[in-house]
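Asker: Okay, here's what each chain looks like letter by letter:
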Amino acid sequence: MKRFIFYIICFGFTVPVFSQSITGFVRDNTNGEPLSYANVFVQGTSIGAATNVDGYFVLPKVSSGEYNLVASMIGFELDTRPLKIREGESIRIDFRLKPAALIGEEILVTAERQKFREQVEPSRIQLDMRDIERLPSFVEPDVFRILRLLPGVQTMNDFSSALYVRGSTPDQNLIMMDGITVYNPFHLGGVFSTFNTDAIKEADFHAGGFPARYGGRMGSILNIINREGNTEKVSGRANMSLISSKGMIEGPLPGKWKGSWMLAGRRTYFDYITKAMTLAAKRESKSRGFNNDFPENFFPYHFYDIEGKINLDINENHRLTLSSFLGDDIYDFKYVSFDSYDRNNSTSISNNEFNFDWKWGNKTNSLTWRWLVSPKMVLKTFFASSYFRFWIDMDDHSWGESEDDWGTSKWDNSWMFDAFDIVNDKSIETELVYTPNEKHTITTGFQAKDIDFTLGLIFGSKWLTDNDAIESRQDTALWMVEPSRELGLYIQDKWHISPVFSAQLGFRLSSASAHNQLYSDPRIGLKYLLDDDTSIKFNWGRYHQFMTIANPQDENLRFVDIWMPIPKDNSIPYSDHTILGIEHLTPKNILYRLETYYKSFDNLITLKQGNIFSVSDDGMLQFTPFNDFYETDAYAYGLEGLIQKKSGNLTGWIGYTYAVTKWKTELHDWYPPKFDRPHTLNVVGDWQWTEKTHVGLTISYATGNPFTEVKGRIQNWKESFYYTGYSNWWPNNSLLVGEKNGDRFPDYFRIDVNFTKRKQLKNGGFKESYFQIINVTNHLNALMYIYNTNYNEETGETLGMKRAGVPMFPFFPTFGWRIHF
Amino acid sequence: MKHVIIISFLFFVSCEGWGWQPVDSDHDSTLNIFGLIVSEPDSSYGYIYVHQSLNLQDPENILISSDTVYFGPGPNDFYINYEYRSGFTVLDAQVTISNHEKEWVFANKSNYDWGMYETKYVDTSGTFQPQPGETYSLRVETDDGRMAQGSVTVPLRPNIREEFVQDTLSNRTPYSIPFDAVEDDGTFRLKTKAIYGNYACGANQVHLIADRTDTVWTSQVSDCSNSWWDEGEYEDAIQLEVLLESMDSHYYDYFIEYGNKNEFISFIMGSEGATGRSFGIEGGYGVFGAIATDKIERIFVP
Chain A
1 MKRFIFYIIC FGFTVPVFSQ SITGFVRDNT NGEPLSYANV FVQGTSIGAA TNVDGYFVLP
61 KVSSGEYNLV ASMIGFELDT RPLKIREGES IRIDFRLKPA ALIGEEILVT AERQKFREQV
121 EPSRIQLDMR DIERLPSFVE PDVFRILRLL PGVQTMNDFS SALYVRGSTP DQNLIMMDGI
181 TVYNPFHLGG VFSTFNTDAI KEADFHAGGF PARYGGRMGS ILNIINREGN TEKVSGRANM
241 SLISSKGMIE GPLPGKWKGS WMLAGRRTYF DYITKAMTLA AKRESKSRGF NNDFPENFFP
301 YHFYDIEGKI NLDINENHRL TLSSFLGDDI YDFKYVSFDS YDRNNSTSIS NNEFNFDWKW
361 GNKTNSLTWR WLVSPKMVLK TFFASSYFRF WIDMDDHSWG ESEDDWGTSK WDNSWMFDAF
421 DIVNDKSIET ELVYTPNEKH TITTGFQAKD IDFTLGLIFG SKWLTDNDAI ESRQDTALWM
481 VEPSRELGLY IQDKWHISPV FSAQLGFRLS SASAHNQLYS DPRIGLKYLL DDDTSIKFNW
541 GRYHQFMTIA NPQDENLRFV DIWMPIPKDN SIPYSDHTIL GIEHLTPKNI LYRLETYYKS
601 FDNLITLKQG NIFSVSDDGM LQFTPFNDFY ETDAYAYGLE GLIQKKSGNL TGWIGYTYAV
661 TKWKTELHDW YPPKFDRPHT LNVVGDWQWT EKTHVGLTIS YATGNPFTEV KGRIQNWKES
721 FYYTGYSNWW PNNSLLVGEK NGDRFPDYFR IDVNFTKRKQ LKNGGFKESY FQIINVTNHL
781 NALMYIYNTN YNEETGETLG MKRAGVPMFP FFPTFGWRIH F
Chain B
1 MKHVIIISFL FFVSCEGWGW QPVDSDHDST LNIFGLIVSE PDSSYGYIYV HQSLNLQDPE
61 NILISSDTVY FGPGPNDFYI NYEYRSGFTV LDAQVTISNH EKEWVFANKS NYDWGMYETK
121 YVDTSGTFQP QPGETYSLRV ETDDGRMAQG SVTVPLRPNI REEFVQDTLS NRTPYSIPFD
181 AVEDDGTFRL KTKAIYGNYA CGANQVHLIA DRTDTVWTSQ VSDCSNSWWD EGEYEDAIQL
241 EVLLESMDSH YYDYFIEYGN KNEFISFIMG SEGATGRSFG IEGGYGVFGA IATDKIERIF
301 VP
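Quick note, the sequences are listed as chains A and B, same order. Here the first sequence is numbered in my numbering, starting from 1 and rising by one per residue. Here the second sequence is numbered in my numbering, starting from 1 and rising by one per residue.
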């Protein structure tokens, strides 16, 4: 393995650069942000390339002569530079494009067409800030809520933005922020994503068939690319919504340093609102003569995130990037009570303190070194750490003393409960991109991850004995420490075989320490241009995954993911993706895409869900193990259609998905998992009504999610003898259900609208106020049904069952403001 | 302000109609049987509960009478006592159990307990004495034409090797209970329990003997330092019963293998349930199982 890496690196460094080439960066003129997927081409020839995520382009083999080099990008003015290139010369030209209104159809057509020609991967979508901010969202813009509107992507319900992509569950998505894995990218149990849209530059999403540089997941890839920071001046933006305030500020590095910095933060104010409500309730209670004990705050919950980035350009060829993120959800409930009693020779003083401290969140850091080894060779080395922890710390302490005719007694008792799941991931990655000629772009690299998983449940108690001594006891109900080391080595060639035929051939070799085996993932992508406007794409690839989550498949709400490596006794799961698609880009810049896919899953595992507590063979109360899984057979297939318009006064897309996913376990024959929705239609639009006003609209329709229908009631007998010492059997009322997920909720339907009004500021910035309504028609989209018994209140006689649908988002208006300066 | 009022009004108005709704289902009510045959060294018996599954619209309990109970002289010193029978219980079943020689007709017998009548079918002839190794067939029919049947073989009686068990057992040190290896399909479970209403920490223990080649069980020493019983109150020696059960596969599967496993759960605000299991029963849900036991008594010193 080491020798292989050595050869690859040596190969990269020693390949001579004989032919003339043109390289450089394309940046936004206003702030110096690199423009990814900008198109640079030599006018009058077929030579051209798209910039990568760093804004870097390489035109490797340009014949000597005089040309016009053109850079174009959607939303920016065209930039043309005349140049003269001599034999054996390499030229570097950096572009800075000026923003333009999104109406220059000609510019856009050129840009989109170049991108259309370049990309070999199917199922890939890039969203920029504009796409994310303009569309209606729940309370505030959220990248995940936009992604769910794309074909092939869905969420289980309105309360969760965890993504289910083409039959894959959220744990099968590799979600990254600037290339760093983020394990639980959600706040408030999934209502909001971790990513502050003010800091986001763009989101690069692969619904399937992703290239060899990505590994360790078998579903999809989402890379959130944060802003680099303004290299020209200090600027920023601020946003205030009903639940949070957030801001971002960026600017150039001070003094002689070349580079930029960016700092963004967000904090919710649930806790301040609920604290004010608690105080009001307390005052009201007191004014009515009650002296109830109140906690400081009934619902002391908030979340925050802070992210920062520093780019340091050491010279023209070296750049260091330091990136950090810290985000936490915090629920910190405290209740203190004091009681005293003094009557008839009897006194008593008692105190109680109860704390419920629940924190979960991510902390990531990374240092990236980018080295332009030669004009055709870029080496990126990346050190990163990603830490996720979920921790519940509950403790109760009561103490006091009493005195009466019988004597004096004291007590001092406490108990505690800790539950935690910690993922500590340290990674090193190196990637070399080499463009030897106009036909080949070779990407190779290795990735090493050292991940520690720690899961624990601890109970403890302390008490005061009759001898005034403190005794204590601690029980560790669960303690799992699972280290895992993952290694990955990959190579990929993007090969323009002919002007109309391209291939992307990749191979990835990986291993995980708990499983003594090497896993190979071949990946093949083919693209054939039927004409300038139409292409056919085919992709096949294998994708292994070395970790999973231990969450029940039937849960309706998921607060956190419980991550763990694939147990040693289970084989490593993998999925094969087969994708066939056709794309057509009209002269008016409207993209039509039709894709069909089939995904097989092998060695898939699903948690054996059941009661959280059970009784062991020895009669002891125990936790259901977290690492007990069913081997699961699965497959998914579907057909997706997308019509997308990215320019003009009206932009947006219409996406339709037909999807089928089936699972099979030893308990149940083939059944649709809970997230399966055969038909989904999303209409997403942003209309620039006037120069200052935008109207956004999303219409979502989908088949209802499956659920297990309740057909009746039955009494199951249970036996018990542990405490009485005598066996007895008693009937326990239980619901009688039909086939697993054999029925479906009514169809999902939701219309959201958004109105945005912009006002220009004197300093060149602007401020916007927005108003949006979620679920305009107030359609009842059921999250689940709950059942209860109907009673005759007078006689207590039962009258059968009743059922209520627990609704997802109702009609919900929100508003907010944002300012860019 | 006008807009805020309009929006607030819309918000509250729009939430109407999202409440509880009566619900029905087209499920065919199915017999649900719990039949148990027990063969102990000093007694043998069997009984059958005949229940049925209910539709969602069916009542779980049915009011059969009400009585005004006065507890004081005042005009309001009364309460109304309601008596119900369970909607799950089937009262009109013809229940017969037979072996290759004889047939017993079981009759229903009701007990009133906690405001509800509980009914089970028992042998009233006094001749039903199930024997280990014997196969018994059950047949349940109702007036509306439903029928369920099943059969079970009573496991061979296990044998505790009493001569090797100490006279006095204690929680403070492990003690061993040797027994003979299993010779049929039964699964063994060993229980110890305090008898005659006594209690001692560590006396009650249960152990499933998963390995059929096991021939000895060793007790666990329980930590009684934090016993919630008052210290000193239960320090005297007590009588301990050691019971070795052999369960047939129906009983084992219903109560132990699948007893704690739900096929369907809904994490928060949801419910749990199952598709309905049957072990040893055809034409309905439930279980027709059998247990054969051996038992000895010993002195137990806490």
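These aren't lab readings, by the way, just hints derived from the structure by calculation. All C-beta atoms in this analysis are idealised placements derived from N, C-alpha and C, irrespective of residue type, glycine included. Some clues are possibly wrong.
Coverage of chain A stretches by chain B, computed from C-beta distances (three or more under 8 Å per stretch; other residues unrestricted) [said to hold, decoys possible]:
{"hint": "1", "segment": "731 to 740"}
{"hint": "2", "segment": "779 to 789"}
Below, simulated DSS-like cross-link-like pairs (lysine-lysine); rule was C-alpha separation at most 30 Å, straight line [to be verified]:
{"hint": "3", "chain 1": "A", "residue 1": "K426", "chain 2": "A", "residue 2": "K359"}
{"hint": "4", "chain 1": "B", "residue 1": "K109", "chain 2": "A", "residue 2": "K568"}
{"hint": "5", "chain 1": "A", "residue 1": "K282", "chain 2": "B", "residue 2": "K120"}
{"hint": "6", "chain 1": "A", "residue 1": "K645", "chain 2": "A", "residue 2": "K275"}
{"hint": "7", "chain 1": "A", "residue 1": "K275", "chain 2": "B", "residue 2": "K295"}
{"hint": "8", "chain 1": "A", "residue 1": "K98", "chain 2": "A", "residue 2": "K718"}
{"hint": "9", "chain 1": "A", "residue 1": "K380", "chain 2": "A", "residue 2": "K258"}
{"hint": "10", "chain 1": "A", "residue 1": "K334", "chain 2": "A", "residue 2": "K380"}
{"hint": "11", "chain 1": "A", "residue 1": "K334", "chain 2": "A", "residue 2": "K282"}
Computed, partial: chain B to chain A, Cβ under 8 Å [what the hints assert, rightly or not]:
{"hint": "12", "residue": "V23"}
{"hint": "13", "residue": "L56"}
{"hint": "14", "residue": "T275"}
Asker: Now, for every hint given, state plainly whether the structure supports it.
Answerer: Checked hints:
Evaluation of the coverage hint for the segment 731 to 740 of chain A: fulfilled, as 9 residues show C-beta separations to chain B shorter than 8 Å, against a requirement of three. Under a criterion of three residues with beta carbons nearer than 8 Å to beta carbons of chain B, the stated coverage of the segment 779 to 789 of chain A is upheld, 6 such residues being counted. For the suggested pair A/K426 and A/K359, the alpha carbons sit about 22 Å apart, so the restraint of at most 30 Å is met. Of the pairs offered as hints, the one joining B/K109 and A/K568 is violated, with about 55 Å between alpha carbons and a cut-off of 30 Å exceeded.
At roughly 55 Å between alpha-carbon atoms, A/K282 and B/K120 are farther apart than 30 Å, so this suggested pair is violated. Annotation: proposed proximity of A/K645 to A/K275 is violated, straight-line Cα distance about 46 Å (limit 30 Å). At roughly 63 Å between alpha-carbon atoms, A/K275 and B/K295 are farther apart than 30 Å, so this suggested pair is violated. A threshold of 30 Å between alpha carbons decides the hint, and for A/K98 with A/K718 the separation of about 74 Å lies outside it, so the pair is violated.
Between A/K380 and A/K258 the alpha-carbon distance is near 19 Å, which keeps this suggested pair within the 30 Å criterion. Restraint check: the Cα-Cα separation between A/K334 and A/K380 comes to about 48 Å, which exceeds 30 Å; the hinted pair is violated. Taken as a hint, the A/K334 and A/K282 pair is honoured in the structure, with Cα atoms around 15 Å apart against an allowance of 30 Å. Contact between B/V23 and chain A, as hinted, is supported at the beta carbon level, the nearest pair being about 4 Å apart and thus within 8 Å.
With a least beta-carbon distance of about 4 Å to chain A, the hint placing B/L56 at the interface is held under the 8 Å criterion. Contact between B/T275 and chain A, as hinted, is supported at the beta carbon level, the nearest pair being about 6 Å apart and thus within 8 Å.
The structure fails to meet hints 4, 5, 6, 7, 8, 10 from the earlier list, while all remaining hints are met.
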